[in-house]
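Novice: Taken in sequence, the protein lines are chains A and B.
If you read the first sequence in our numbering, its first letter stands for residue 1, the second for the next number, and so on.
If you read the second sequence in our numbering, its first letter stands for residue 1, the second for the next number, and so on.
If you're looking for bench data, these hints aren't it; they were derived computationally from the structure.
Hints are not guaranteed to be accurate.
Selected chain A positions facing chain B (in silico; Cβ < 7 Å) [stated by the list, open to error]: (1) Pro-3; (2) Ser-7; (3) Pro-9; (4) Thr-33; (5) Gly-65; (6) Met-107.
Covered stretches of chain B, as calculated for chain A (at least 3 residues, CB under 8 Å) [said to hold, decoys possible]: (7) 101-113; (8) 139-152.
Taking CB as the label site, the calculated pair distances span [stated by the list, open to error]: (9) A:Leu-84 / B:Thr-177: 51 to 59 Å; (10) A:Ala-274 / B:Ser-211: 56 to 64 Å; (11) B:Ala-215 / A:Gly-249: 28 to 36 Å; (12) B:His-172 / A:Val-43: 41 to 49 Å; (13) B:Thr-173 / A:Gly-125: 46 to 54 Å; (14) A:Gly-125 / B:Asn-65: 37 to 45 Å; (15) A:Val-43 / B:Thr-49: 29 to 37 Å; (16) A:Lys-136 / B:Asn-109: 29 to 37 Å; (17) B:His-172 / A:Gly-153: 25 to 33 Å.
All residues carry an ideal CB built from backbone N, CA and C; glycine is no exception.
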Amino acid sequence: MTPFEYSSPASLNEALGLLGASWSDAVVLAGGTDLISLMKDGVFSTKRVVNVKDIKDLGGIHKTGHGLRIGSTVTFDELASSPLVRGEYPALHEAALGIASPQIRNMGTVGGDLCQRPRCWYYRGGYGLFAMKDGKSLVPNGENKYHAIFGGGPAYFVSASSLGPALVALGATIKLASSSGSRTVEAAKFFVTPSDENAREIDLKPNELVTEILVPSASGVKNATYEIRQREAIDWPLAAASVALHMKGSSVDKASIVLGHVAPTPWEASQAAAGLAGKTISEDTASQAAEAAVAGAQPLSQNGYKVQLAKVAVKRALLAAAGKAHTAHHA
Amino acid sequence: MSESDSKVPNKPPKTKPDFSRRGFLKGVGISGGVLSTGVLEPVAEAESTAKVDGPGAVPITLNINGKAHKLEVEPRVTLCDALRNRLEITAAKRVCDRGTCGACTVIINGKAVYSCTTLAIDAQGKRIETLEGFSTPAHPHAITKAFLDHDAEQCGYCTPGFVVAAKAFLDHTPNPTEADLKTGLGGNLCRCGTYMGIRKAVMQAAKEMKSAKVAKGTAHA
Numbered sequence: 001m002t003p004f005e006y007s008s009p010a011s012l013n014e015a016l017g018l019l020g021a022s023w024s025d026a027v028v029l030a031g032g033t034d035l036i037s038l039m040k041d042g043v044f045s046t047k048r049v050v051n052v053k054d055i056k057d058l059g060g061i062h063k064t065g066h067g068l069r070i071g072s073t074v075t076f077d078e079l080a081s082s083p084l085v086r087g088e089y090p091a092l093h094e095a096a097l098g099i100a101s102p103q104i105r106n107m108g109t110v111g112g113d114l115c116q117r118p119r120c121w122y123y124r125g126g127y128g129l130f131a132m133k134d135g136k137s138l139v140p141n142g143e144n145k146y147h148a149i150f151g152g153g154p155a156y157f158v159s160a161s162s163l164g165p166a167l168v169a170l171g172a173t174i175k176l177a178s179s180s181g182s183r184t185v186e187a188a189k190f191f192v193t194p195s196d197e198n199a200r201e202i203d204l205k206p207n208e209l210v211t212e213i214l215v216p217s218a219s220g221v222k223n224a225t226y227e228i229r230q231r232e233a234i235d236w237p238l239a240a241a242s243v244a245l246h247m248k249g250s251s252v253d254k255a256s257i258v259l260g261h262v263a264p265t266p267w268e269a270s271q272a273a274a275g276l277a278g279k280t281i282s283e284d285t286a287s288q289a290a291e292a293a294v295a296g297a298q299p300l301s302q303n304g305y306k307v308q309l310a311k312v313a314v315k316r317a318l319l320a321a322a323g324k325a326h327t328a329h330h331a
Numbered sequence: 001m002s003e004s005d006s007k008v009p010n011k012p013p014k015t016k017p018d019f020s021r022r023g024f025l026k027g028v029g030i031s032g033g034v035l036s037t038g039v040l041e042p043v044a045e046a047e048s049t050a051k052v053d054g055p056g057a058v059p060i061t062l063n064i065n066g067k068a069h070k071l072e073v074e075p076r077v078t079l080c081d082a083l084r085n086r087l088e089i090t091a092a093k094r095v096c097d098r099g100t101c102g103a104c105t106v107i108i109n110g111k112a113v114y115s116c117t118t119l120a121i122d123a124q125g126k127r128i129e130t131l132e133g134f135s136t137p138a139h140p141h142a143i144t145k146a147f148l149d150h151d152a153e154q155c156g157y158c159t160p161g162f163v164v165a166a167k168a169f170l171d172h173t174p175n176p177t178e179a180d181l182k183t184g185l186g187g188n189l190c191r192c193g194t195y196m197g198i199r200k201a202v203m204q205a206a207k208e209m210k211s212a213k214v215a216k217g218t219a220h221a
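Same shape as in the complex, but just chain B (with noise of 0.2 Å):
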């Protein structure tokens, strides 16, 4: 899903910086020479050939849910926000936007993050899973199912980084005790107050999904 410049609002010029790394590697031999506490050992000098994007739009892939996605964001633009205002991938919700509420949960790596805190261009290169990847109406995971069994949601607005994070949880702890799971989903706050139905409905989703595993075969010994 490639995105052309002119979709892209208020795209700011792109600009030089207006410090060079020659002029700062001077200032750096002058400063380092007043540097007044502990051991200096010289290290060999810094030769800079990375390559410095934006602060325009730059053209990243992601991969998202399996799929390659490519798209130009600016630098700062977060991955929250690319995938909900630039590919149309609205689970991860945008609410508190300060790495704090969850709702935004998506899985990077196999690993549970804030996708409101992490920047898209930073996301390039690893795996990153939503919760259009594993659970759709049609065929809703057993997260979801067990989230509808327990009445696990009010207003719902939550729930998407519940589940999210729910499956990151569960991958890597297949046997939770509820205080594993309390901990687990520590990272995920509900307004309207589900929390007893989520613990069982993640508690039953746990029980389903290992006893799936045994019918495949697949259960961890």
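Just chain A, with the same shape it has in the complex (with noise of 0.2 Å):
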């Protein structure tokens, strides 16, 4: 880790008074989990580390007349924790639920879940983001079973979000500041698939900092997220999907079905959702939707499993948000 300066400021513009017009003039910290290791692993360096977890503006789950802001400081363990989350938003509890391990959980910030960098081991490796060696992509051809199976590159590396696809599917909204004001962005919005290698995965500048989530109200949505991974903990997911139905008596008026871990960005299926309207769900119809879901997956060399366990934790999803079994394993 090569050395930096540090500040621990007390207030928002304080905070954003220490940032600069590029990534390596300063950088968040929030939970660390990741940016340490980053840092350790000589991937990512920077002048100066902004500590923003004494600020207490950006913590806090709080009901608005809207629905929930949640501070972006607020931990995983925080969240999965709250009874205004776990009433309303089980594909939020779940999502939260479901990351790595309780040190992780009590640690591990909500805007940090969404800033953080890519696994993608070329990346980790040094080869940057789109692991490119004389002109060409390591990725189609190499060691890919973690890789995406939707977007067809040159971006291959999944998104790292957790919570992403289940905000995504709620029709969230993060809240960014910089010193010269401060802006919303759609959650959907928010993921980006970077067209450079320079670029970020997501749409925040080096001089703005995510300062709290807005969920709209789900009351009378029924909403799930469904995971798979290797092993039950501290391992990522192989897939996820986060649904949400809007419904209209006992079927469906509008739904939303958002993949995780199998794309450079939490992975909307709007074909597959639209197909949903006016259905009950059921074994049948959660079925057809999750063969939906993964109609467009182009698979890469070694990861043609993970379009079977995306077309599972569709199924598995839209069936626990209808109340119909299949709640996520660590429930």
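Please dock the two separately framed chains into a single complex, following the hints provided.
Specialist: Here you go:
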């Protein structure tokens, strides 16, 4: 780890004043569960680390007139243990509960989950976001068993965000601040597939920080997350699905299906979701939607198995949301 | 326990940051105009008065096991390294050093965390508990004793982290089920594979800690 300056401001304005025009000037530290490792591995270095955990305005989970406001420094443990979240947003509760380990849930934050860099081992090994060598990506014919099955490159990494799919499915918005103002971005648009190696996977500038997440009321919206992983603890999901079902009586009025860990961003299966309109959720309709959700998959040489896992995740998330068996494995 | 500068190895010179806050604020004024998405709400102009430390060694105070320890560390030094290399508090082990294996587990403000991915400077003002704080060879904690009873270690390198994680877990979950235990200790790895013994040990410790509390009349209803 190269040496860096450190500051732990108590106010948002102070923090914003300490950020810079590039991430090599300054970076935001919250839980640190990933940032510190990236710096140890020499994949990332910066002149200044700005700890934002002492800024009270960035914490807390509150009900607002429109839904829920989640501060960006809320930890996964706080999120998973909040009765406000568990009651109305099981998709978010399950996603938070599924993250890594108790220690990571005690340290890691909502803002950090949204902003963390890809887990792609080529990226982590110093080959950059697109894993280029001699003008060619190493991924399509390389060690790609944990890589994307959607998107078609040149970004083959998968979004590392565990909360992203649930937030997109629930129609959340993300509030960002910089010293020149604040802006709000839909969760679905916050995650972007970078067009070049030096871009980020999120719509965030180096001088901005995530201040809060606003999740619209989900009263009457059946929602769930289902994750599939190799081991029950510490591991990253191989595939996950978050769903939100706006109901009209016993049938679906409008659905949202978002896949996780299968594309460079949380991946919206819009056609599959549209196909559920007017239907009730059953084994059959859930299977059809799951089939439709993976119809456009483009697996690489070693990750064809993820297509089946993604399909199963969608089906089980839909059945869980509808209250028909299959709550997530750790519930 | 304070250390003088002369004992700090390879301390880099204190350098001034090579970009100024004033220059930065000017830069933001320009880039702010080209933000294209979302709605910009005016906020008060940022006036940064926060203290910036480092990158050289900084005097810090850590509250470890109820005792204040003064030392000087660079901001990049992790809590794990500060404990082990600077304060000779060595129960927390540096194994994966990437927040995955749990051997470095300590308790901060009542919660189990990985000390290898916590900056020492960031642990100031918080209650840090290590194994040394609640279990010593002369006065072993019920969890430590239960580990011995159930042969819950082989090479022993993961053991202190497991005992600390188990204490944080039982403090929050005094009546665990087997399933609670699997999730609650899911942040620690044992490459020798002593999990069966560890689970038995922690269940036994839970019972003993509960009856000890009943005997003292401090059990929760």
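Novice: Evaluate each hint against the coordinates.
Specialist: Cross-check of the supplied hints:
1. With a cut of 7 Å, the hint placing Pro-3 (chain A) at the interface with chain B holds, because the nearest CB-to-CB distance is about 4 Å.
2. At about 4 Å, the closest approach between the beta carbon of Ser-7 (chain A) and any beta carbon in chain B falls short of 7 Å, and the interface hint on this residue holds.
3. Because the smallest distance between the Cβ of Pro-9 (chain A) and any Cβ of chain B comes to about 4 Å, under 7 Å, the interface hint for this residue holds.
4. Checking Thr-33 (chain A) against chain B: minimum C-beta separation of about 5 Å stays under 7 Å; hint holds.
5. Taking 7 Å as the C-beta cut-off, the interface hint given for Gly-65 (chain A) is violated, the closest approach to chain B being about 18 Å.
6. For the restraint placing Met-107 (chain A) at the interface with chain B, the shortest Cβ-Cβ distance is roughly 5 Å, inside the 7 Å limit, so the hint holds.
7. With 5 residues having a Cβ less than 8 Å from any Cβ of chain A, the stretch 101-113 of chain B passes the three-residue criterion, so the hint holds.
8. Counting residues of the stretch 139-152 of chain B whose C-beta sits closer than 8 Å to any C-beta of chain A gives 0, which falls short of three, so the coverage hint is violated.
9. A hinted range of 51 to 59 Å is violated for the C-beta pair Leu-84 (chain A) and Thr-177 (chain B), which are about 25 Å apart.
10. Distance hint check: the CB atoms of Ala-274 (chain A) and Ser-211 (chain B) are about 59 Å apart, consistent with the given range 56 to 64 Å.
11. For Ala-215 (chain B) paired with Gly-249 (chain A), a C-beta distance near 58 Å fails the hint of 28 to 36 Å.
12. Look at His-172 (chain B) against Val-43 (chain A): about 34 Å separates their beta carbons, and that is not inside 41 to 49 Å.
13. For Thr-173 (chain B) paired with Gly-125 (chain A), a C-beta distance near 39 Å fails the hint of 46 to 54 Å.
14. Taking 37 to 45 Å as the suggested C-beta distance range, the pair Gly-125 (chain A) and Asn-65 (chain B) conforms, at roughly 39 Å.
15. Against the hinted window of 29 to 37 Å, the Cβ-Cβ separation of Val-43 (chain A) and Thr-49 (chain B) comes to about 32 Å, which satisfies the hint.
16. Range check, Lys-136 (chain A) to Asn-109 (chain B): Cβ separation about 49 Å, and the 29 to 37 Å hint is violated.
17. For His-172 (chain B) and Gly-153 (chain A), the hinted distance range of 25 to 33 Å is not satisfied, since their beta carbons lie about 45 Å from each other.
In summary, the structure is inconsistent with hints 5, 8, 9, 11, 12, 13, 16, 17 from the numbered list given earlier, while agreeing with the others.
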